[in-house]
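Residue numbers (my numbering), protein chains in the order written: chain D, 1032 to 1836; chain A, 12 to 174; chain B, 3 to 285.
I should point out that these hints are in silico values taken from the structure, not numbers from a laboratory. Please note that the accuracy of each hint is not assured.
[Said to hold, decoys possible] Listed next, the in silico PhoX-like pairs over lysine-lysine satisfying Cα-Cα at most 25 Å (straight line):
hint, chain 1, residue 1, chain 2, residue 2
1, A, K68, D, K1064
2, A, K157, B, K188
3, D, K1064, A, K170
4, B, K188, A, K170
5, A, K157, A, K170
6, A, K14, D, K1072
7, D, K1320, D, K1072
8, A, K14, A, K170
9, D, K1129, D, K1092
10, A, K14, A, K128
11, A, K68, D, K1053
12, A, K14, D, K1064
[What the hints assert, rightly or not] Far from chain D, by Cβ distances over 10 Å, these chain B residues were calculated:
hint, residue
13, A6
14, D28
15, H85
16, E155
17, V233
[To be verified] According to the in silico footprint, chain D covers these stretches of chain B (three or more CB under 8 Å from chain D):
hint, region
18, 11 to 20
19, 124 to 135
20, 190 to 203
Source: prediction; values computed, not measured. Built from N, CA and C at the ideal position, the CB exists for glycine as well.
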Amino acid sequence: MKDLPDSEERRANLKGLGCARKRVEDARFTQGKGNYVDDIKLPGMLFGDFVRSPYAHARVKSIDAAAALALPGVVAVLTAKDLEPLGLHWMPTLAGDKQMVLADGKVLFQGQEVAFVVATDRYIAADAVELVEVDYEDLPVVVDPFKAQEPDAPVLREDLEGVTEGAHGPRRHHNHIFTWEQGDAAGTTAAIDASEVIAEETIYYHRTHPCPLETCGCVASMDKINGKLTVYGTFQAPHVVRTVASLLSGIDEHNIRVVSPDIGGGFGNKVGVYPGYVCSIVATIVTGKPVKWVEDRMENMMATAFARDYWMKGRIGATKDGRITGLHAHVTADHGAFDACADPTKFPAGFFHICTGSYDIPVAYCAVDGIYTNKAPGGVAYRCSFRVTEAAYFIERMIEILAIKLGMDAAELRRINFIRADQFPYTSALGWEYDSGDYHTAWDKALKAVDYAGLRREQAARVEAFKRGETRRLLGIGLTHFTEIVGAGPVKNCDILGMGMFDSCEIRIHPTGSAIARLGTISQGQGHATTFAQILASETGIPADKITIEEGDTDTAPYGLGTYGSRSTPVAGAATAMAGRKIRAKAQMIAAYLLEVHDNDLEWDIDRFVVKGAPERFKTMAEIAYAAYNQAIPGVEPGLEAVSYYDPPNMTYPFGAYVCVMEIDVDTGEHEIRQFYALDDCGTRINPMIIEGQVHGGLTEALAIAMGQEIAYDDMGNVRTGTLMDFFLPTAWETPNYQTDWTETPSPHHPIGAKGVGESPNVGGVPAFSNAVHDAFRAFGLTQTHMPHDHWRIWRTARDLGLHG
Amino acid sequence: MTKMHLTLTVNGEAVETLAEPRELLIHVLRERLGITGPHIGCETSHCGACTVDMDGKSVKACTIFAAQAQGAEITTIEGIGTPDSLHVLQEMFREHHGLQCGFCTPGMITRAWRLLKENPTPSEEEVRFGMAGNLCRCTGYQNIVKSVLAAANELNTVKEAAE
Amino acid sequence: MIPATFEYHRPDSVPGAISLLQQHGDDARVVAGGHSLIPMMKLRMAAPGHLIDLQGIADLRGVEVGDTIRIGALTTQSEILAHAGLAEAAPILIEAARQIADPQVRNLGTLGGNVANGDPGNDMPALMMCLDASFALAGPDGTREVAAREFYEAPYVTAREEEEILTAVSFARPPRGHAYEKQKRKIGDYATAAAAVLIAADGGRVTSASVAMTNLADVPVFSAAAGAALVGTDCGPDAVRTAVAAMQGDIDPVEDNRGPVEFKRHVAGVILARAIARAWSRA
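Extracted from the complex, chain D is given alone in its bound form (with noise of 0.2 Å):
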């Protein structure tokens, strides 16, 4: 319909999509009172800590707690036998392995929960710890997955001895987990072969780890009398941690109530279930007093879920022109002593097979090999969907190799290959249906923006004035076109532990016009209860700042899957607009009843519904909420109250164009970022604001895993990366200001067009990072070396390349 004169300011007034409205989170958080799970603080309260192993492979001979216990404040010391009896010894895993919650004979990895001590503090535990006495006799240690696959390797998993069928297929060797494939294998082999040009190139993701702030932890507390346990807890997905709770420990689901409280950060290491969660429940129920465990920093670094180590084997074909004939991999993924991989239960290795990324190729096929190793276990989505992180890397590594190969321009040949606007809705060659996209706009719009022919002008010269002996620095363009996939997902063939994908929201409209919406999802800083409030606000017209949003507390919450792989605006988003249109829906009855015209009389005007034709004879959606709690109105029942469970019909595909400018010093290997230009397509656009700090956030996050964090182990299976002097976050002073940009390209089957944006600067900014490193090497001669590219990486392969004279 036609503005109105005060349209404008209606719809002001509403801050709905669209809006850069300012966080209603932040009052609490910038004055100091969030509450964590480390906050919580209950009467009576246990700490538990653990007694973890110090060898990344032992036999546990014994375990003599008789010190420990003697030790006043001490309640109770757990291991492995005390929780067999309860069958809680081994939980299974969310990929259909099991893994010890204490150790059951050996410890397979440093850092492994071997005993749980209880105590009335922290200090008190801490102490009891260091008295409780492990007697261990090593055993050799693999932390490489191709040694672990040899034949006289060690078995490191003895207790899948003999068994040749694992959750995803056979297994072909005892330290094979399973093998998983997608693609025309013998299509793609002949296609590359038969092409003009051959490209190959192992790319290796290193080992990494989420590493939010707040460490995870939990609070569990059994109720003897009304027989009601509590758990609060850093969960990414508190209502699947409600039902694996209740299926482990036998307790009516309705007995557990879940809590996460605020989270500070998660970025998928608050995913899984530890052995830390499993205790605490089992301690507060064999204590009846509430049990607090929170993991220290080394805690966290040593054994919750690491993310990456995959070993991916590309071999691309092009013609000579560039055209891309078909694209081979083969990943072999270290998932380290328990395959704890947080996927759906279908898709051992996640999205992998988006690896054929932003690009229209007529062939592919991916192969993964999950292998077991000594170190720990996890495999979680960093800062991504599933394996998509891996995925992304891994093609646009492979793009610039064949670049290179071709003594091709990397962004022609990138653009030579994009998917066309007109190609969309586009299934790849790997089987994914991609909603939409319009790469060439937006990566003209990147190229454009920074004067990509001056930046290669510039780099010519420098290499020149390098060659000269006049400068000791070179320039890197690193160029990234990415495709994600997020939004998990289709309920048919999405599941998380057999929980299908969908995600939910509740939504009750007061009488007096305000509003709560409860949703599945739980926000660890990205501004739920800012954006799903402004979602609201435009489908039912109740300005947002009078929308209380609600998430985490299993007892209020509809049940939905949680957040991660950028799902919450894709799945719970949609969730939220469609229980706004039923909610509008009802009004829509209300208003015809009280304007006396009928339904289809009334149309939507912003924040009521109004008479068509008749614009001064309308009720707003405050007016319709008082009616709906005090008239009596034929047919309809009193109360305006929706629900909605929303199974998308497909994933989401954001994608983004990167460009980075990096300069490098070949003599010490530091580098410096001048410049990092991000463009997001993330479709419709909640709040830029906070897209846009998605975007900073996400970058830095993958400026800090190109350019030098890791867990790294020895040879023994020691972790050299277990304090965050030794890994590497950012501070502000390494940190560049980014530029960020977009394109809009909503999607089709979403119901506000919007696709997620979190995960994306994670994404598409690990590959622009190492990518600027290796295209400032081109000209030198180098094809591929890995990441992390720390300073002493860099130095080498300046070395290697003879830049030290």
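Fit chains A and B to the known structure of chain D by using the hints.
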């Protein structure tokens, strides 16, 4: 364990508590005094989530024993503004989206509060250098720097107007 | 990360502290800012039964700037950074202190702690060697002076006796030509390689030069040969090459997360060359 009688001034109020000498100041504040604004992030003095102001200096409360803090005057995020009268920094962090998960925020603002007393007119580079003891995993710092610079600007404007 | 229990002492005089050390022997540790010791205690790599806090000893504070510069052991890195007299008399100290840790840590971390604990990663020891500083060690039998260049014996092992306390460092006002160049992975990190260089010049020639390196051996390294290689020269490319080669003969880096030995030796050379260039430009 023998406890000592600890006397502190926290956010302008004299407080007393019993604590073991080895207790870390962050635990004394959080566990004994219920001041949960400052957080524990890395425990090795790298992340700054536990930053408080002690005797006029920004310090990391995870690396100070209770006993060392005897008699100290401490300001935490709880003492920097009130709900009815927020500090400009608190307003600017919200205004410029200088926080996301909020976990680093109390330490960040408490550090910035002291930084602006030490240097009321910092350059961007000085803010980045002066805030380099505080890690943030969410924001990429860009908006934190913007918030601190905006707060400096605001404070100076108010000061100039008063003069 | 929870430290083991200990008994806490806060003496108000140097003799008081020494008598506590005598009483408790190797079960006692002194603590100043605590930013080296406390993390070790939290990791339970150190578990002293007695902790002797020096902060109550007024004699350990204060900075005197004359022909000789004397800095009390409890002077923090922040106090060094803020000291106008030091900035004028010994700007190399400011340049180095800026590159140590971060603001909060510098607010508590002391010069005395940094030089006394013998951690080869600390920056001030090499700088003190470069300055030819002297450490005052107070013990049961009075105070003795030990040259910084004689102080460091092995990692965490120094010439300080168990019952002694390092009370102050002093050094002659250094020449104008100075630089402390440090490569590190990020703010808060120890050096991958760092070089302290002091150069005095007259008539376009180096009259004296002093070179010391941080974190490139299990102790800080004073390279007399590197300094000697610069004397009489104009710090031209040949002189720098000779100095770098001499320094590389004196260091003995080990591989760690910052990189392999070969890398460290190479960047030590690059960092030293840069430090020499900057010091020369100021000489």
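The hints, checked one at a time:
For the hint linking A/K68 to D/K1064, the alpha-carbon distance of about 23 Å falls within 25 Å, and the restraint holds. Note on A/K157 and B/K188: the hinted pairing holds, with a Cα-Cα distance of about 22 Å set against a maximum of 25 Å. Of the supplied pair hints, the one linking D/K1064 and A/K170 is violated, its CA atoms being roughly 29 Å apart against a limit of 25 Å. Between B/K188 and A/K170 the CA atoms are separated by roughly 36 Å; this puts the pair beyond 25 Å, and the hint is violated.
Of the pairs offered as hints, the one joining A/K157 and A/K170 holds, with about 20 Å between alpha carbons and a cut-off of 25 Å not exceeded. About 21 Å separates the Cα atoms of A/K14 and D/K1072, which keeps this hinted pair within 25 Å; it holds. About 12 Å separates the Cα atoms of D/K1320 and D/K1072, which keeps this hinted pair within 25 Å; it holds. Restraint check: the Cα-Cα separation between A/K14 and A/K170 comes to about 46 Å, which exceeds 25 Å; the hinted pair is violated.
For the hint pairing D/K1129 with D/K1092, the CA-to-CA distance comes to about 22 Å; that is within 25 Å, so the pair holds. Of the pairs offered as hints, the one joining A/K14 and A/K128 is violated, with about 36 Å between alpha carbons and a cut-off of 25 Å exceeded. In summary, the hint linking A/K68 to D/K1053 is not supported, as the alpha carbons are separated by about 31 Å, beyond the 25 Å threshold. With a CA separation close to 29 Å, the supplied pair A/K14 and D/K1064 exceeds the 25 Å bound.
Under the 10 Å C-beta cut-off, the non-interface status given to B/A6 relative to chain D is violated; the minimum distance is some 7 Å. For B/D28, the non-interface assignment is confirmed: its Cβ lies about 20 Å from the closest Cβ of chain D, beyond the 10 Å cut-off. Here B/H85 stays apart from chain D, with its beta-carbon at least about 23 Å from theirs, past the 10 Å limit. B/E155, annotated as away from the interface, keeps every beta carbon of chain D farther than 10 Å; the closest lies near 25 Å.
Every beta carbon of chain D lies more than 10 Å from that of B/V233, the smallest distance being close to 26 Å; the non-interface claim holds. For the region 11 to 20 of chain B, the proposed coverage by chain D is not satisfied: 0 residues have a C-beta within less than 8 Å of a C-beta in that chain, short of the threshold of three. Counting residues of the region 124 to 135 of chain B whose CB falls under 8 Å from any CB of chain D gives 0; the rule of at least 3 is not met. Given as covered by chain D, the region 190 to 203 of chain B passes the check, having 4 residues with a CB less than 8 Å from a CB of that chain where 3 are the minimum.
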